[in-house]
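Q: This is what each chain is made of:
Protein chains: 4
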Amino acid sequence: MLYFSCDYAEGCHPKVLEALTNTNMLSTPGYGEDEFCDSAKEKIKKAINCPDADIYFLVGGTQTNQTVIDSMLSNYDGVVAAATGHVAVHEAGAIEYSGHKVITLPGHAGKIDALELRQMLVDHYADESAEHMVNPGMVYISYPTEYGTLYSKAELEAISSICNKYQIPLFIDGARLAYGLAAAEDVTLSDIAKLSDVFYIGGTKVGALFGEAIVFTKNNTPKHMITQIKQHGALLAKGRLLGIQFDTLFTDGLYMKMGEHAVACANSIRATLREKGYQLYMDNPTNQIFVVMDNKELEKLSKELSYGFWEKYDATHTVIRIATSWATSDAAVEGLKKIL
Amino acid sequence: MLYFSCDYAEGCHPKVLEALTNTNMLSTPGYGEDEFCDSAKEKIKKAINCPDADIYFLVGGTQTNQTVIDSMLSNYDGVVAAATGHVAVHEAGAIEYSGHKVITLPGHAGKIDALELRQMLVDHYADESAEHMVNPGMVYISYPTEYGTLYSKAELEAISSICNKYQIPLFIDGARLAYGLAAAEDVTLSDIAKLSDVFYIGGTKVGALFGEAIVFTKNNTPKHMITQIKQHGALLAKGRLLGIQFDTLFTDGLYMKMGEHAVACANSIRATLREKGYQLYMDNPTNQIFVVMDNKELEKLSKELSYGFWEKYDATHTVIRIATSWATSDAAVEGLKKIL
Amino acid sequence: MLYFSCDYAEGCHPKVLEALTNTNMLSTPGYGEDEFCDSAKEKIKKAINCPDADIYFLVGGTQTNQTVIDSMLSNYDGVVAAATGHVAVHEAGAIEYSGHKVITLPGHAGKIDALELRQMLVDHYADESAEHMVNPGMVYISYPTEYGTLYSKAELEAISSICNKYQIPLFIDGARLAYGLAAAEDVTLSDIAKLSDVFYIGGTKVGALFGEAIVFTKNNTPKHMITQIKQHGALLAKGRLLGIQFDTLFTDGLYMKMGEHAVACANSIRATLREKGYQLYMDNPTNQIFVVMDNKELEKLSKELSYGFWEKYDATHTVIRIATSWATSDAAVEGLKKIL
Amino acid sequence: MLYFSCDYAEGCHPKVLEALTNTNMLSTPGYGEDEFCDSAKEKIKKAINCPDADIYFLVGGTQTNQTVIDSMLSNYDGVVAAATGHVAVHEAGAIEYSGHKVITLPGHAGKIDALELRQMLVDHYADESAEHMVNPGMVYISYPTEYGTLYSKAELEAISSICNKYQIPLFIDGARLAYGLAAAEDVTLSDIAKLSDVFYIGGTKVGALFGEAIVFTKNNTPKHMITQIKQHGALLAKGRLLGIQFDTLFTDGLYMKMGEHAVACANSIRATLREKGYQLYMDNPTNQIFVVMDNKELEKLSKELSYGFWEKYDATHTVIRIATSWATSDAAVEGLKKIL
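Chains as they are written, first to last, in this note's numbering: chain A, 769 to 1108; chain B, 769 to 1108; chain C, 769 to 1108; chain D, 769 to 1108.
Since the hints were derived computationally from the structure, they do not count as laboratory data. One or more hints might be untrue.
Note that the list lumps identical chains together, so a pair holds whenever it fits in one copy or between two copies.
What the hints assert, rightly or not - Pairs of lysine to aspartate or glutamate residues, derived as EDC-like cross-links and limited to a Cα-Cα distance of at most 20 Å, are as follows:
1) 991 - 896
2) 1080 - 899
3) 933 - 891
4) 783 - 1051
5) 921 - 953
6) 1025 - 803
7) 783 - 914
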């Protein structure tokens, strides 16, 4: 079976496993107060070119979004996001559970539009009943988006500039950050750090067993952050597991290399799909490929291919997702090409 | 100054004030355990033709919506509402504060569409990732809506039937219930009780100083309801004030009569507006009138008329709201007609 | 029947009712943006000798405590209170519902001890695992306490000084403030304002139909306070009802006079109780009297007296509460004395 | 340095690491829908002798307590716990953050007393103001307790029987369950399952990298449990990591063997401590040893020993915690004995 259904189907990159194995019986303090976490933080600060960054390691994405958003917002604040954003749809109400409304803007292939964001803010503050409404207190975007699309540098700058003007933090969800940066035309890791107020570097989908690195970039860490993480049930006892993994991911450019590998695999598959006349549902450059498939063909493919169901297209077609990752082998790519 | 800006600008109906005055120095138990509350409940049960109803009196609308929704939903549930619904827009996030997402459907002149509701539910339960999404656990509609429009009996039956099928309670926000029923073609108070699982009878906007009567119609009161009300800060110490007011509202049909008065005033104003060629922004039959006004004319009117700003229409026009109520005098109506 | 069971058994002081009646048909803006609220705020600022105070009117006590505490605390904060404090016991978990722990100190006849408070804070910050614990973010005391006892000025100063040192706001719950000040040896309304960071002036139990005036005394109003009040379901549509009532309470010293009346009644009853050899359960100077009663005698008294059950004392005795108020008549006091 | 400061200082048992390594590059579905989770659940059901058990794997202890408690309680419920219980003290308010009060009973060497529990429940339901108070909706105990002490079977039966009578679920926090069972006189894993309504088997402190297995024992899983876990940010994407670990822990009795090893180490150290005349602060039979140390001697020991600070004993003495675990080597035990 060719496994392309998601980018979190395997364990971790062999180097990460090696590091966990080598350190397994060492005794260290808990809760992230160990030397591996310190080392990982230093390496990340260098990689993002932001020496003042303040970094926290959490286990998973929804947990990270909930903790970041709830710790940065006041009671009266909501978070602005695309209607298709992960926080708006697939987190089981984790944001609302923490008391905050997700204020949605239209999603354009997963992205929000800077002009629509500005208009929404202008309208909100001009509204005579603004005091009776949730205050837009943060902007959340994902890079890449849930549809595998990317903001250009100019688009990020426009959104960032609006956020600055309204004194609203910009939060970038980087669950698949490596896959975005590898495909980006003009956006670097350093740009992400510069243009956001807080972002997270996804490990779960890029080579770690689990783990997301929250980066506060503007000396803007919420007070008592460890207490807030603990309160959200998000403080890992053996915090060094996160430190060891991120230390490895940020040694010798491994994180970026894994991103490049997955994108190269995806591009190679995309080329074949185009060659063979398949319709791409979404034209995006990252590790997720959305294809419109004839249902009969799909039934046949299912015997050899594990893919992700995305949505019904019409009576006889289905949109599927093919996801590559750090773990995708050349053999699997070739295997997939053969059966297409 | 002619005051038409809202329907909660005055105190209470003289009969309500009289009842409060007559009972003022009586000593009664607190928290609604008094004879006036008992009497009011009996009268309401008769008026709604639902002898098994269970009734609670709260102070205000947002408080009522928050308490009803939070007490009836489980953690994993959200409430489905029109994107223009009060709970979705003008309650400062009170629903999210209580942990629940407001899942929005398009508003059609303030109303949700039964087919769109059904489709949303079908899609939700068919979605492979439904477990990662908020469960639609209740449907909220307002009668009349925030735009003064009304559901027909057939529309209510369609929504109610979908809710029954999916075992989701239907909650009707009746902040302006009297103004809706007075204008309804085929919907009665008894229909509201029959077709909903829970609804509230608005007093604040219809003759009371304050007060909303929550009615659980299907032997479905949440457990420990008094404790839940208290927990939401919504248990009035001198509960009898609510009992006395609702007892008066439901004596000799006063509640319905006030509704009829306000609607008659509104219709009279509407007739004049149409006669004089004004454009109605929204064609609705209840106590709120939405008019597209030329900005220059509006400036002049402002000197004699207190109206509600609704929204900008275009560069030279504004949508305003003219609201009548139980307190609207014939003199005010005539005064308004004169200056139009 | 002689009604002494609580201090919220009647409506409102005749002057309050008169003011509500006189203004009943006036049209005013909603949500507290009316002239009566403005006037009441000015009178309160003078009465408390704090021209910079910022004042908000809410409906009830639990609602007020929840809104003040939640709006002033951050996520990681809890509120320190006596184990017998209203927020710790009788608010149905309203504080925890808003996400905050009530951190309890021993209650000494309802009061916390300044030294115990200091020790708790010292211990907390010295604790190596403080980051894993709720941060003590506010101190809540009630004046008078739930047991009718009072802090002396020196005691208030000691607590206030500790709060200042630890940069923790001191919140004084004044549900029965007038009854406390009338009995105080050396504490004035102005002291309450000076020594607290926020307090509330209780109206529900002192002559209003309902209403509590929150006073932020140190230019420390939480941001977007109206939005926060709305979010807690605590924004009264006809806000002027609160303004009219507090304006009356703070005209010609009515609020203090009502306090004095209730305390005089209580003292007169206490004298008779002592004379006749009854055991007072709690020696306190305010409007609540706690008496140890023989169960057989109590049974007899019950036919003519409505009292508050407080707790079982032993197999043959019960502690009852006799509460006087602004509404207690001389006739009732004499009637009670006769049957004792 | 001899490392005895806690029982989560190392990675995982070599067999667990081996299993993770062997499965690392396998592709499996996410979120616990893999064969390893299935297998682990079957093995646990056998080990606890409860074929109907329903099992969920989460990452950490606070997360587990928060998710179990919040998913089983209604809004109006609180959880009863010892004042020294983990949920009451060291979870940064995670329970209150989810809206629930922790109702405390006195801790007796970490344990609650069945009679005190019964009295509390009797008093609560007899209280006339019970409706204004948080409802006791669950009992939480830890086995072993935070002080390393154990309930006897009779004590567990007494608590369980009270919970049954009041229809309140009994939740047993088994963060260190193996260390408790290894030292128990008459309590087995099967007893824990039989006497509780829900409990969790701690992996983080007993040989896993991380992981806690929640066991619902009475066909009482809360509805939409996966959604609730997700909402709490507690659903691990690569759920198989938990399945693989627990599958290993419950193969060939590894979980119990690790417990026995740690307790044997602790007993051996305890014997030496007694021999050498040290004062044990708490007489308990599990893997945590609490010793009263002379400060001067402690200073010396600190050079070679990493211990846990527990609390100040008096001006010249300190209580320290020495914790053994599955990872404690014989060499370390001998090393410790030598320097005592």
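Q: Which numbered hints are broken by the structure, listed smallest first?
A: Failing hints, ascending: 4, 6 and 7.
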